[in-house]
Structure formats: structure tokens, C-alpha cells
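Engineer: The chain contents come next:
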Amino acid sequence: MASAFASSRTNGPEVVKELAFFAVIALMMSVMILGVETVDRPTGLELAVRWDLVLLAIGSTVVGRLGLIFRRENISRLGQAILITVSAVAVFEMFVRFRDMDDRWASPVFLDMAFSSVVSVIVSIAFLAIIFAAAYFSMKDKTAVEVDESAKLSSKIQLMYRSNTKKIGLIGIIFFIIFPFIFGEDRSAIDLATLVMIYIMLGWGLNIVVGLAGLLDLGYVAFYAVGAYSYALLSQNFDLSFWLCLPLAGIFAASFGIVLGFPVLRLRGDYLAIVTLGFGEIIRVVLINWYDLTGGPDGISSIERPSFFGMAEFSRRVPEGSIGFGELFGMDYSSMHRLIFLYYLILALALVTNFVTMRLRKLPIGRAWEALREDEIACRSLGINPTNTKLSAFAIGAMFGGFAGAFFATRQGFISPESFTFLESAVILAIVVLGGMGSQIGVVLAAIVMIGFPEMFRELAEYRMLIFGAGIVAIMLWRPRGLLSFRDPTILLNMSQKEKVAGEMK
Amino acid sequence: MSMLKIEGVHTFYGNIEALKGIDMEVNEGEIVTLIGANGAGKTTLLMTCCGSPQASKGRILFEGQDISRMPMHEICQLGIQQSPEGRRIFPRMSVFENLQMGAITQDPKHFSSDLEMVFDLFPRLKERINQRAGTMSGGEQQMLAIGRSLMGRPRLLLLDEPSLGLAPLVVKQIFETVKKINSENKVTVFLVEQNAFHALKLAHRGYVMVNGNITLSGTGAELLANPEVRAAYLEGGH
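In the order they appear, the protein sequences are chains P and F. With positions in the first sequence counted from 1, the corresponding number in the working numbering is that position plus 2. With positions in the second sequence counted from 1, the corresponding number in the working numbering is that position plus 112.
These aren't lab readings, by the way, just hints derived from the structure by calculation. Accuracy of the hints is not assured; some may be wrong.
Computed cross-link-like contacts, DSS-like style, restricted to lysine-lysine with a CA-CA straight-line distance of at most 27 angstroms [to be verified]:
(1) Lys221(F) - Lys364(P)
(2) Lys117(F) - Lys132(F)
(3) Lys238(F) - Lys364(P)
(4) Lys169(P) - Lys19(P)
(5) Lys132(F) - Lys221(F)
(6) Lys238(F) - Lys169(F)
So here's chain P without its partners, still in its complex pose (with noise of 0.2 angstroms):
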């Protein structure tokens, strides 16, 4: 070890030092933070004192510290990594002991989950090589060629990825209509997709308002609501059919959104955040107050499912005068029909949104709400009429937004207030701003990632939180501005996509 240093800046005594300097640091941060609990014994409150924890924030401290400064010396590229990474498991393991500290001495977590199920020893393997690799080919050992090269890539990436987003959206579609049959026995990986579909709905729908208009809209989840809950009450009291109530869902929807829209649209930015933010909550204090007619905490429950098309039921016992979905075709009743069956539906109407906002995209309305999301006084100046387009843009948003409530009504057969709640609207602003404002493949990437990983990886789910806030800062480190966060031009004149990207990048 110190003949390693000699040839260095820094000799043995002076990291010897500063390495001391650090452990008493993390040993003041972590002794009352992490070393104390109070436990609740039968002769009453007690201070225990946890010192393998306040052990564990002293060493991977130290040992973090060792790699940064083997970093700085640039010694030994794999030993800067080999500490780095055992410095993070250690901090991992420590998060993890914090949150349930029953058995405290027991064998460290990383062997306990390799112990529990394959899909754990893939997940700590991959995340261990992810530091790992994270680690040794960080930028501090390269020279300046190979810095290069790295932007290089990134750059090419980027190119691939805008001259083919035709081709890979018509990848994306094709694998999302064979994956029934991919997995069509297995009734979570098809609630799964269909949980996923929803919020690729409900974010391309709100894209168009964020997105597209840049009308930051905090509040909706309310239109969510409108579509479910007019979905449920008509069809419960009125006996309305599915089909017939979708559409009503969407005008609902669109017309409250009309209804909200009229006095708040001449607010901007975070004011009408705020307003959009507390329409929301109306709605949801509405719904939980209104016993009469919704239910209020108890919801609506025994929704009917939608039919096929009028045509045949799904349910086992089919109702007199009408015929089951597999008599229909022939084939011996499966209650994985009807989950195919709603599988593919979302996949439909989230497609007509995607397919909607794509062609608004290239028609003047479209047009416009771009414009105004970049300068509204230039739009004014050109004769756009503002109050009107940025109300289409909510109406339009909300329709979609009204017609993924009424899907949601139907698939769970159960709504209440409790699933319109404000953590929905986040979650689905930030599929939006995650994959990149206006970007619609980016929606189905952020919704996979926001939706679908926390879903697949339950079994981690203690862990959810941890991975999920390195995830943000890693985005808000490299991909400040979304996952796929490119405007290309709707229309091009004399020159094919790629060349026009190629000649932007050089």
C-alpha cells in the first residue's frame, strides 16, 4: 500500500488522515441518526443502541473514501471500482437494516435475497454490476480520445433513434399486439401489460396538455375520474352499455375539462399549477362527499364488464338470450378471454390516442399549441386566438384522459375515491416529463419504467424506493430534459429525415 502512494502526490500519513477525517465525520452523522432507537419493552421506552449500523456508515465511509482518492491518484482502475462497489453494498445493506431492524445480526441482505428466488440473484447481480461497471468505466482513468469516442456513441444513439422512430414505434406496436400470445396463459404478465397500458393512455393524453400546449396541468387525474365515475353511474342506473357509455365518458370529460379550462387558462405557469392541482382535489372531495350518488368512500361496486361488442358475454354463466365469447367461436370457456379481450382494448384506444395526437400534431390546431408553448405573444401576433387553443388542448387531453377512467371502471369493476388520488396525477406528469415533453415514444419507455418495473420486481419491493430515487437523480444527471427529449420537424421539405439529422449533428 505505501509503496503504491510513494510515487504519488499524496503520501501514507496524509491519507491515513484524511481518511480518519472522514470516518469521524460519518461517525458524527450516523451515531444519533443511526445508533440509537428507542424499543418498546415491557418495563417501557428504552434506548437501544445499534452499533453494527453506525459500523456500517463508518466503513463504507472509509472504503468509498479509498476508492475516490485511488481515483485521484489514478492507481489501479479495477481497484478504484472493487471499492467503490463495496462501499455502495454496504450503504445498500445499511438502508436496508435500517427499515426492518428485527433481526439485526442476521446474514447480510445481499445473501439473503440470493438465497430467496432467481429473479433476486439476477437483480443483485445486475445492480452490483451496474456500480461495478458504473465505477471502472467512469470518465477519471480516460484520455481525452476516448472521452471522444463516448460522446461519439451517445450522439450515434441519438441518431439511430431519430432517423428510425417510424420503424420503432412499428416494432413497439407489433410487440404489444403478439404479446398476448407470448404470455397468454399468464394471467399477471397480462394485468400487468394492461396496468401499463392504462398510463401509456392516460400519459399521451396528458402529453397533449403538458407536451404538446405546455400547459402544466397538476389536476388530471380529475378527468380520469370523470370518465369512471360516468361510466359506472350510467351504466348502473341507466343500464347503459359499455360502448355506449365510452363515448359519453370522453364528452364528459372533455367538457368538464372545457368547464375548468374557461377561467383558468388565463393563468400560466405555476399559478395555474396550483389552480389545476386544487381542481383535482375537488373532484376526489366531491366524489368521497356526495354519498348520494357516488357511493362516497365506499365507491361503486359490481360494475358490468363490457361485452364483446354486444355480441357474446364473457362471464362463465351466461345471461338468457345471449350467447358466452367461446361458444361464439368455438372454443371451451377461459376466464383469460376476457383479460385478452381488455388487454387489447386499451391497446386500441390508446393507439387511436397516439394515432390522434399525431395527426393534430401536423394540422394547424396542433401547430398552434407548439407555438404557444414556445412564445404566446408571437401567437397572439400571428392571429392565433390563445383562450381557444389552449382550451382545445385541455378538452382534447381530458377526452383521452375520460376515456381511460371508463376502460378502468370497467376492467376493475370496482372504483372508488381512494384511486383518483393526487399521487395518480403525479405519477403520470412524470411519465410525461421522464420521457420527454412531447415525445410519444418516450410516454411508453417512462411508463414501462414508472409502472412496469415496480410492478415486475415486487418481490424487491423494499427496496423500491431506493432504486427508484437513484434512478431520478441519475436521469436528472444525464437526461435532464427526459429520456427522449428531441423536437424533430413535422414536416420536411426536399431532404429525408436522416439527412437532415445528420446534418444537425455534425
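Using the hints provided, position chain F relative to the given structure of chain P.
Structural biologist: Just chain F, lined up with the frame of chain P:
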């Protein structure tokens, strides 16, 4: 006949009176320029003609119709287009999309011929048609701003400081094009400028504004020769 007639217009920002009773007119086929120092109220007058802010007293007549109480977007649809101060193009859109935005209130059947017309005036824009507008030079952006307002088929074009922040050579080029727009395309131009020398040379008539009042008016040549104007706006330059 006067195309734009401003009668006793007062405009306030809160309690501050920015325009203190302006009377002026722009006749059909003219280039009229309004010169004055920073903060004289030139841009305010131009924006008042467009309805934002609205005049609190007085009338503004466009071809005999009172427009002083109309909202901005309706005024634009009457045939007044403005190229606002600081250009205000859409930086993330391509040149072509910007020009499309200019024609957004117009009948699409005029689009391709109007586009040709703009490209004839500004060949540079044709070269840059697919480029993102925000990545162009200041002069090109100014050309785009003027081109965009021409796409709205104006009869009266309001230009607010087209020379702002541009190199002298580019300024000259822009002013020549403005002259061409006026003489060949028969567009009446109301030009607000700080660059008094170029503006007065170009204009048929001019007004001088000081602290919210019109203090002088006359033909371009008269004003250029006027000792007061020379002392205040022209000496030292050019």
C-alpha cells in the same frame, strides 16, 4: 386615404402614462417611420395598434373601422401583421414550420404562392428551410420574422426595430428588402426604429417621439435635414 389613423391615444401601464395623446396616420402605400430614444413609447404605440395593451383613451381606425377595443388576434385577422420586437420566432421549430405558423389564419390555397414570394425576398430562408430557427444567425432570424408576418398576407405591416442587434451590412440588406416589400408587394409599412438615419432615408414620412408625445413630423428628407433631429439622433453616427 389614410389606412391607419391614430386619434388622441393614451395608454397606461398601471399609473404610468406611456402615451400622452398621440395623433398620427399612415396612408396606403407609404412607409412611415417612428423614431425616438429608448423608453419614448415607440413600441408601446405599435403594440397599442395591435390591441395589447389597449388604449385607455382615443381611437385607432384601420380602414375606417375602430380597432382600439378589439383583441389582438382579431386585429391581426383584419390584415395588420406585426413583426414584434426581439423577433420572437419559434426557436425549436424549423424555418418552414415558422412560415406555416405565419399563414395559420390564411386560406391554404394561397400558401405555396406566398411561400414563393417570401423566398424571392429572402433567398437565404430557402437554403435554411429545414433548419431549426433558433440555430440561425440574428439576421436570418430577422428575415424569418418578417417573412413569417408576410405569410399572414398583411396590407399593413408593423415592424418593430428590425435592425436590433444586427451588423450594419445586414441592416442595410433588411431595409432594402423592406423597401421592396413596400414597392413591389404593395404592403404599407409602419416602421419603428432607433436607427434613425436608415429609417428616415427609407421612409416616405416620419414621426419623432419623445416621452410619449409626437414632437415632430414630416417627410423623411425633411426630418433628416432637421437640425434638432440631427442633433438628437444622427450626430456621431454614420
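Engineer: To test your reading of the hints: which numbers does this structure violate?
Structural biologist: 4, 5, 6
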